[in-house]
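Chemist: Chains A and B, in that order, give the protein sequences.
Per numbering that gives the first Met the number 0, residue 0 is the first one in the first sequence, and the count goes up by one each step.
Per numbering that gives the first Met the number 0, residue 0 is the first one in the second sequence, and the count goes up by one each step.
Don't read these hints as lab results, they were simulated from the structure.
Careful, some of the hints might be misleading.
One copy or two, it doesn't matter: identical chains are merged, so the pair holds either way.
[As the list claims (entries may be wrong)] Capping the alpha-carbon separation at 25 angstroms, the derived lysine to any residue pairs in SDA-like fashion look like this:
1) Lys170 - Glu138
2) Lys119 - Glu52
3) Lys170 - Glu137
4) Lys119 - Gln158
5) Lys119 - Ala108
6) Lys170 - Asn139
7) Lys13 - Phe47
8) Lys170 - Thr39
9) Lys13 - Thr40
10) Lys170 - Leu61
11) Lys170 - Gly6
Protein chains: 2
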Amino acid sequence: MPRWEQGSADRLTKAALELFEEQGFENTSVVEIADRARVTTRTFFRYFPDKREVLFAESDRLRTALVQAILDAPDVTEPLQVVTAILAEFDWSVPGIELQRRRHAVIAANPGLLERDLIKQNDIAIEITQALRRRGVEENAARLATRVGIQLFATAYAQWVERDGGADLRKLTDAAMDLLQTLVPANRVVD
Amino acid sequence: MPRWEQGSADRLTKAALELFEEQGFENTSVVEIADRARVTTRTFFRYFPDKREVLFAESDRLRTALVQAILDAPDVTEPLQVVTAILAEFDWSVPGIELQRRRHAVIAANPGLLERDLIKQNDIAIEITQALRRRGVEENAARLATRVGIQLFATAYAQWVERDGGADLRKLTDAAMDLLQTLVPANRVVD
């Protein structure tokens, strides 16, 4: 979309975040969000189908980038490492770490937003699993690598936003992988 | 609740499942579910706050049982194994494996139901993590063991319902743990 239009979407997201923080998600209307962003309600609905979607403007970009990264990965013989590395290397700080931290807190505090977040995470998991399958990874391995990789990354991501971006997301992800190694029973010989 | 009341809840769940299968979740009203179950709409709302909840009648029993099992576990030094074992040992086939398989398929096919399922899974994850924390497990280890354990079990559970209960859920869960061992990088010495 043209740059001036992208500006409206960004303003709507920031306005929604402010209002959800100030008065709660349930008590905020689309009209108030549009007013705060200085656009019409009609403009709001050009960008977002409802007031939950306004915090997930990045999710299409995220899903497309992650799937493409799986398809482009030089080697998928270690799918869990591929999934976690791709998640850790995504540019999460595009809208700014402070905005990400506030967004994370607002979503966690509102069941309606959390539901939307979880279903988007699930959609992304399904697409990553399919991309791994297309790369020849066996079905259960593709599913488990994706689901475990996302949870592993989510543990690191939660620490990252809570520390206000002072830490390195990639290092936190590596630390979570080290932790997972200590949790999984020692590798047996698999026949 | 008295046995005859439990009967109404079961009939409502079965009626809802049939109607969601026949005509879709979106096209089914609470009135139709109550009619099919031969109870009043008022009775429906005595048991369930809305038509999504009717497929999650078991979730309180599940959450309570899992949390209690964590608190009662003799040893939590291997929290990932504790979480997966407790999930695998829960009596999932109480309403019958055939009903579980149909319920699983209807939820997967309806975004509205899938959202509810995901948020209930998330609520359970939060409570299991808290129970592990109360047992002295470190925060990140408790979170990761819970989240990874649930995903590991979900992989086994999906295979279990797809095979119409012909397989042993505990064996499928062990196989998923073996698979996870092959996905996680070989254990390094942790200092």
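Chemist: As a check of your reading, is Lys170 near Thr39 (CA-CA no more than 25 angstroms) within one copy, between copies, both or neither?
Modeler: Intra 43 angstroms, inter 58 angstroms, cutoff 25 angstroms: neither.
Chemist: Evaluate Lys170 and Glu137 at a C-alpha cut-off of 25 angstroms and name the case that applies: within, between, both or neither.
Modeler: So Lys170 and Glu137 pass the 25 angstroms test across copies only (19 angstroms; inside, 29 angstroms).
Chemist: For the identical chains here, do Lys170 and Asn139 meet the 25 angstroms Cα criterion within one copy, between copies, both, or neither?
Modeler: Between copies, since 15 angstroms is at most 25 angstroms while 28 angstroms is not.
Chemist: Evaluate Lys170 and Gly6 at a C-alpha cut-off of 25 angstroms and name the case that applies: within, between, both or neither.
Modeler: neither (33 angstroms within a copy, 54 angstroms between copies)
Chemist: Go through the copies and call it for Lys13 and Phe47: within, between, both or neither, with a Cα cutoff of 25 angstroms.
Modeler: Cα proximity of Lys13 and Phe47: one copy only (14 angstroms, versus 37 angstroms across).
Chemist: Up to 25 angstroms between alpha-carbons, please classify Lys170 paired with Glu138: within, between, both or neither.
Modeler: between (29 angstroms within a copy, 18 angstroms between copies)
Chemist: What label fits Lys13 with Thr40 when the C-alpha limit is 25 angstroms: within, between, both, or neither?
Modeler: Answer is within; shortest intra-copy Cα gap is 15 angstroms, inter-copy 42 angstroms.
Chemist: Regarding Lys119 and Gln158, is the shortest C-alpha distance of 25 angstroms or less found within a copy, between copies, in both, or in neither?
Modeler: both (21 angstroms within a copy, 23 angstroms between copies)
Chemist: When Cα atoms must be at most 25 angstroms apart, do Lys119 and Ala108 count as within-copy, between-copy, both, or neither?
Modeler: both (17 angstroms within a copy, 15 angstroms between copies)
Chemist: With identical chains treated as interchangeable, where does the CA-CA distance between Lys119 and Glu52 reach 25 angstroms or less: within a copy, between copies, both, or neither?
Modeler: Both, since 10 angstroms and 21 angstroms are each at most 25 angstroms.
Chemist: Have a look at Lys170 and Leu61 and pick one of within, between, both or neither, based on CA distance no larger than 25 angstroms.
Modeler: within (21 angstroms within a copy, 36 angstroms between copies)
This entry does not satisfy hints 8, 11, going by the numbered hints stated previously.
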